[in-house]
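Asker: First to last, the protein sequences are chains Z and R.
Every position in the first sequence, counted from 1, becomes a number in the numbering used here once 4 is added.
Every position in the second sequence, counted from 1, becomes a number in the numbering used here once 777 is added.
One should not assume that every hint holds.
Covered by chain Z, per the in silico footprint, the following chain R stretches (three or more residues, Cβ under 8 Å) [said to hold, decoys possible]:
hint, segment
1, 1058-1070
2, 1099-1112
SDA-like mimics (lysine to any residue), calculated; alpha carbons at most 20 Å apart, straight line [what the hints assert, rightly or not]:
hint, chain 1, residue 1, chain 2, residue 2
3, R, K799, Z, M245
4, R, K1225, Z, M245
5, R, K1077, R, S964
6, R, K822, R, V802
7, R, K799, Z, E249
8, R, K1225, R, R922
9, R, K1225, Z, R184
10, R, K799, Z, R246
11, R, K799, R, D889
12, R, K799, Z, R252
Derived list of chain Z stretches under chain R, where covered just means 3 residues or more per stretch with a C-beta under 8 Å from a C-beta of chain R [as the list claims (entries may be wrong)]:
hint, segment
13, 12-18
14, 155-169
I should point out that these hints are in silico values taken from the structure, not numbers from a laboratory.
Predicted, not measured: the structure shown is a model, and the values here were computed from it.
Here a beta-carbon is modelled for each residue, glycine too, at the ideal position from N, C-alpha and C.
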Amino acid sequence: MTDSITIISYVTFIFGISALSYAIGWIFRARWANIAGTTAMVVATLGNLAAFILRWMETYWLGYGHMPLASLYESLIFFSLTIGIIYLYVEYRFRYRVIGFFAGLSAFLALAYASLPSVGSQIQPLMPALQSNWLIIHVMTYFFGYASLTLAFCVSLLFLLKSAGKNPDDGFRAHIPGFRTLDDLTYQLVMFGFLFITLGLITGAVWAEQAWGRYWGWDPKETWSLITWFIYATLLHARLMRGWEGKRLAYISILGFAAMLFTYFGVNLLPGLHSYL
Amino acid sequence: MNEPIKSVDPTDRIWNFFASVKLSVVLLLTLALTSIIGTLIPQNKEAAQYIQQFGETWHRIFGTLNFYDMYGSWWFQLLLALLIVNTIVCSIERLSSTWKVIFPEKPVYKADRFRKSQYRRSLSDTRKPEELKDSISRYMEKRFRHSRVEPLENGFRVYGEKGRWTRMGAYIIHTSVLLLVLGVLISSMFGYEGRMNLPVGETNNTMILRHSDARIQLDFSLRCDDFSITHYPGSGRVQEYRSEIAIIQDGEEVKNHSLIVNDPIRFRGYSIYQSTYGRIPEDAFTLVFAEAESGLETRKKAEKGEEVPLPGGRGQITIQDYTNNFNFRGHNLGPTYLAMMEPTGESPRPVILPVEHPNFDRMRQGEFIVRLENIDYRYFTGLQIARDPGIPIVFISFVIMVLGFFITFYMAHRQVCIEAVRKDDGKTEISVSGIAANRRPGINMTVKRTMERIERILKRHHT
Ligand code: HEM
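Bound conformation, chain Z alone (with noise of 0.2 Å):
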């Protein structure tokens, strides 16, 4: 029986075939590549899928019981799907393709990073602490809020990467979708991103005071989602009410996810001890 590390190993390669489609579907204008990246898209996705779920059961299989999202390596198993998972639904939606390859490779790169041998891929048993619904809900929200902002920021690359050249409409920037197109695209992934880390925040501090007695505390981990909050809050109302477009919203949004990425990986550098990320 194959096991679920086995099977991410698979959706790796895949989510990395689809972001090579995709990428061949942008430059040469192929069409059947393009079919190719949403097909090999959908595949991984479903195959992330399935991943997860038997991870899920090989938990309780082993004694631990437990939803897969309690260690580094099982949350980037799950922001690959949820990457997917948004990703199809914006192609699906608005009909762009050219976002899949950067799509495809954040999904690719997420679960390469999974496979390293420092992240560990072992089942452990929770501690005491961790067994909490607060903690699925804290997670999982957080997740699909940073896939959706990881988007955000593909789009806004796009962005940048079309007004960069002299002439928008040339090469293989002619299939970039328009500024107005790509720049509402970001503000809506922003806009829902936002409102997912605002609910991570929300039940993680829910969670700290069942756990712990407190609802925030100034931890590295927690500064650091406040700090990408409020970029993000800043992006808002730069948008909304002063009417900020195109490239300087594209900077906002890039900003955001350095902070955002550092909250989720970067943490770990500093000083402190937050939980288990």
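Let chain Z serve as the given structure and place chain R with the ligand on it in line with the hints.
Answerer: Here is chain R with the ligand on its own, set in the frame of chain Z:
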């Protein structure tokens, strides 16, 4: 030139300063930036640790800038206070214009604005506008809260509008932010928190406050009736620890609770958490002496404080002390007994007996290697007790905030205009265009859906 008139009245100028969204963008980014400091410098540690880490000079500079208790520092609190004033002034400043949008005396629709909208779709039909007028305007009436039909020279125009009230969304969000800050303020002013270690079978009503180490008498007592630990099968990891807690008030047992992590007891404004646990050794054990050379072992039952003769009458040893955490050259050895050994004819020397490291005494390279066996333990449960009247306010603000986001993000104020105009070629051009508060792109979908509905209506007309 049409320079805006700068007011000289200082109150006006202060007001205008705080009424600007530019200020809030600056403040939000400044808060984000400065918050980083507290994640780079460990907070609220001992001075010695800082001096070692940063050196004397930097230590003094950081201390002066309050970097060691950054989030409680006056300047960080000032930034937060500015944000609050900013939010309030901004909201008041805009309230009247928002009010006029929500409750207009007579709604005005500007056809120009719709024509310039980037969210616009059109199609053409062979019938005359008058033939379509009824069904389109009926649809708009049904679909939108407010709608109005205007005749045109060779056609007509219908406006539809909904979600005016969602303009209040920003106020809902900002109110929730203010409420959140209020809750946090109440927490920090009136909340307190402490701990109580309660051995199984004992009753206590004194908690030790965090930070100050002051003792507080509660007006109820807690009794620990039992304590148990479950381990994961096949691994030594703790799965759960659980205390049976009884709450006693005025001599009466008022509540029983099986307490585990993540499921605190809520009692009259207090929250009681399962925080840690530990073992208190009873003062009886067996001392084991192993001869360093031969490995020959001798066992003696003993109690704390008792003088125990060493094998062969070669001196004596006394177990004097016990500590839960013994620190040896930077390593935590865990629960440890401390003894004093007096070999005959030599000066007394300390012996360290960590319970979990039975071979530790080998390091001393003495004549005997001493260890302990058969130690009797009793568990104590480590409770954390908190009272925080800010929590309900904070949690209510969370609910309001999410509600506010939902309203502002997904139910924005939108207006749609449909024009049907007879062209020179005899065909009728039907266009749908939309505008939304603050150019929200969601309007694109509204326009698209409206167009789809219109197409369907036109088709039905045919048959
Ligand atoms: C601290 C967290 C804050 C959050 C999460 C937040 C969130 C939002 C959101 C989502 C909107 C869009 C509402 C809409 O389009 O109708 C908004 C609008 C606005 N925000 Fe904030 N805001 C915050 C703080 C502030 C502050 C400090 C100010 C100070 C000036 C401010 C001023 C405004 C103004 C003037 C609007 C436009 C209101 C209107 O439509 O009339 N916000 N805010």
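Asker: For K799/R and D889/R, compute the direct alpha-carbon distance and say whether it is at most 20 Å.
Answerer: The hint is violated at about 29 Å.
Asker: How does the coverage statement for the segment 12-18 of chain Z fare against chain R, requiring three or more residues with Cβ below 8 Å from a Cβ of that chain?
Answerer: With 0 residues close enough to chain R, the hint is violated.
Asker: Given the hinted pair K799/R and R246/Z, is their alpha-carbon gap at most 20 Å?
Answerer: Since the Cα atoms of K799/R and R246/Z sit roughly 8 Å apart, the hinted pair holds (cutoff 20 Å).
Asker: Can you confirm whether the C-alpha distance between K1225/R and M245/Z stays at or below 20 Å?
Answerer: 25 Å, violated
Asker: Mind checking the alpha carbons of K799/R and M245/Z for me, to see if they're no more than 20 Å apart?
Answerer: 9 Å, holds
Asker: Compare the distance between the alpha carbons of K1225/R and R922/R with 20 Å, and conclude whether the hinted pair is satisfied.
Answerer: Holds, because 19 Å separates the two Cα atoms, which is no more than 20 Å.
Asker: Counting residues of the segment 1058-1070 of chain R whose CB is closer than 8 Å to a CB in chain Z, do you get three or more?
Answerer: violated (count 0)
Asker: Does S964/R sit within 20 Å of K1077/R, going by the straight-line distance between their CA atoms?
Answerer: Judged against 20 Å, a Cα distance of about 55 Å means the pair is violated.
Asker: Does K1225/R pair with R184/Z here, judged by a C-alpha cut-off of 20 Å?
Answerer: Satisfied, since the Cα-Cα distance of roughly 16 Å is no more than 20 Å.
Asker: Within 20 Å, alpha carbon to alpha carbon, are K822/R and V802/R?
Answerer: With a Cα-Cα distance of about 33 Å, the restraint between K822/R and V802/R is violated, given a limit of 20 Å.
Asker: CA of K799/R to CA of R252/Z, is that 20 Å or under?
Answerer: Satisfied, since the Cα-Cα distance of roughly 14 Å is no more than 20 Å.
Asker: Per the coverage rule (Cβ-Cβ under 8 Å, at least three residues), is the segment 1099-1112 of chain R covered by chain Z?
Answerer: violated (count 0)
Violation of the numbered hints given earlier is confined to hints 1, 2, 4, 5, 6, 11, 13 and 14; the remaining hints are satisfied by the structure.
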